[in-house]
Amino acid sequence: MSTFDSTIQGLDSAMNLRLVNQNVISSNIANADTPGYKSKKVEFEGALRQALSVDDSLPLEGDDPGHIVIRSTDPISPAIADDMNGVESLDGNTVNRSEEMAKMAENQLLYDAAAEMLKKKLGMLKYSISEGGGNR
670 MSTFDSTIQG
680 LDSAMNLRLV
690 NQNVISSNIA
700 NADTPGYKSK
710 KVEFEGALRQ
720 ALSVDDSLPL
730 EGDDPGHIVI
740 RSTDPISPAI
750 ADDMNGVESL
760 DGNTVNRSEE
770 MAKMAENQLL
780 YDAAAEMLKK
790 KLGMLKYSIS
800 EGGGNR
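Per the working numbering, the sequence shown starts with residue 670, numbered consecutively.
Because the hints were derived from the structure by calculation, they are not lab data. Glycine included, each C-beta is placed from N, C-alpha and C at the ideal position. Don't take each hint at face value.
Listed below are the simulated DSS-like cross-link pairs for lysine-lysine, each with C-alpha atoms no more than 27 Å apart in a straight line [said to hold, decoys possible]: (1) 795 to 772; (2) 709 to 788; (3) 790 to 710.
Restraint ranges, calculated between C-beta atoms of paired labels, are given here [unchecked claim]: (4) 688 to 798: 27 to 35 Å; (5) 715 to 797: 19 to 27 Å; (6) 795 to 701: 37 to 45 Å.
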């Protein structure tokens, strides 16, 4: 069993997806007054499918027995597309500031939840390594 299991990889991927989503939402809000701008969204379904198909193990590498190098764990690159659900205003812009602010708040909560779960998981690993051995 790998020390860095699929839970850690999944939480890492979730946080990275939330970061991408936060950037897209911020861009939408910044362009709310730009004529003709079409609201964008992250295609989570495809990214989720990609995340679930990732290999369950995280290989470790090292050029010295005392050093361990962890390779990148985030091969996920979600698609960003125009949000076809937006209502076009007179100037052709489809950004609804209120909806984008609500999306941003929800996205932040989901990011914070993933970060908290990752913190707990790493705390359990730290405990196992430092105090869980029993034989000192």
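Hint-by-hint comparison with the structure:
no.	hint	in the structure
1	795 to 772	34 Å, violated
2	709 to 788	31 Å, violated
3	790 to 710	30 Å, violated
4	688 to 798: 27 to 35 Å	28 Å, holds
5	715 to 797: 19 to 27 Å	35 Å, violated
6	795 to 701: 37 to 45 Å	44 Å, holds
Checked against the numbered hints above, the structure breaks hints 1, 2, 3 and 5 and satisfies the rest.
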